[in-house]
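Student: Listed in order, the protein sequences are those of chains Z and G. Per the numbering used here, the first sequence starts with residue 1, numbered consecutively. Per the numbering used here, the second sequence starts with residue 1, numbered consecutively.
Keep in mind the hints are simulated off the structure, nothing from the lab. Just so it is clear, the structure is predicted and the values come from calculations on it, not from any experiment. By construction, the Cβ of each residue, glycine as well, lies at the ideal position given by its N, Cα and C atoms. Treat the hints with care, since some could be wrong.
What the hints assert, rightly or not - To give an idea of the chain Z side of the interface with chain G (calculated C-beta under 10 angstroms), a few residues: (1) G3; (2) V4; (3) Q37; (4) N50; (5) F91; (6) Q97; (7) F103; (8) P105; (9) G106.
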Amino acid sequence: DAGVIQSPRHEVTEMGQEVTLRCKPISGHNSLFWYRQTMMRGLELLIYFNNNVPIDDSGMPEDRFSAKMPNASFSTLKIQPSEPRDSAVYFCASTRQGHEQYFGPGTRLTVT
Amino acid sequence: AQRVTQPEKLLSVFKGAPVELKCNYSYSGSPELFWYVQYSRQRLQLLLRHISRESIKGFTADLNKGETSFHLKKPFAQEEDSAMYYCALSGYGSSNTGKLIFGQGTTLQVKP
Numbered sequence: 001d002a003g004v005i006q007s008p009r010h011e012v013t014e015m016g017q018e019v020t021l022r023c024k025p026i027s028g029h030n031s032l033f034w035y036r037q038t039m040m041r042g043l044e045l046l047i048y049f050n051n052n053v054p055i056d057d058s059g060m061p062e063d064r065f066s067a068k069m070p071n072a073s074f075s076t077l078k079i080q081p082s083e084p085r086d087s088a089v090y091f092c093a094s095t096r097q098g099h100e101q102y103f104g105p106g107t108r109l110t111v112t
Numbered sequence: 001a002q003r004v005t006q007p008e009k010l011l012s013v014f015k016g017a018p019v020e021l022k023c024n025y026s027y028s029g030s031p032e033l034f035w036y037v038q039y040s041r042q043r044l045q046l047l048l049r050h051i052s053r054e055s056i057k058g059f060t061a062d063l064n065k066g067e068t069s070f071h072l073k074k075p076f077a078q079e080e081d082s083a084m085y086y087c088a089l090s091g092y093g094s095s096n097t098g099k100l101i102f103g104q105g106t107t108l109q110v111k112p
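The following block holds chain Z by itself, in its conformation from the complex (with noise of 0.2 angstroms):
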C-alpha cells in the first residue's frame, strides 16, 4: 500500500483564490481526518470523517474552509477565498477505528 496519498505536494497562490487539497486515505480505512500545522499553533485538527460522513467540524477556522469525502476512496478541503494567514502545512490522516492514524506527507500551502 502506498499509505495515505496527497496532492498537491506544495501550493503557491495568491490571496483570493480558490484552492483545492486532495487527500486519497488507506484502502480499509474507515476515518479520515484532516489537519493544519503551523509554527505558532502546531497541529490543528480542522476536521474528521467517519464513513464518510462528517463527524466534528469544530476546528474548521471559518466558511472559506470546506471539506467533502464524497467516497471511501478520496477527500477535499477547499478554501475559498484564499489569505495569506492560511499559508502552513495541511496534512490528511487516515485509521480503522482504534488503530493508529497514518498520515499523508502534507501540503505545503503558500498564500501571498
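Since the structure of chain Z is already known, use the hints to place chain G on it.
Tutor: Positioned in the frame of chain Z, the structure of chain G alone reads:
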C-alpha cells in the same frame, strides 16, 4: 476539558545525554496516550502508544494516571533522534472515536 500540554517547544541536548520530553494531559475518562514523531520535512508517524508498553528506538513512556503525565524518555540520545515530537490522546475502548488531541509539539535537537 480535553487537553494535551507539552511545556517545552525546544529541548536541546548533547549526544549521549538522557532525554525526557514532557507531556501532561487532562481527560474525563480513560485515555489512550501516544507519541508521534516527525523527522525533518517528513510525515508524522507513530512512535509508541501506552497500551503497547514497548520500547521503540530506545524510547519508553509510562502513563502516570496520578500525575496525568506520559513523559517520553531515552537514556542516551542519538543525533538521528532530532525531530519534532507530538504527544496525543484519544478515548480508550468504547470511547475511542479515532479522534486524536495533539499537544503543541516539542522539537528535540541532539547536538554532536
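Student: Looking back at the hints listed earlier, which ones does the structure fail to meet?
Tutor: none
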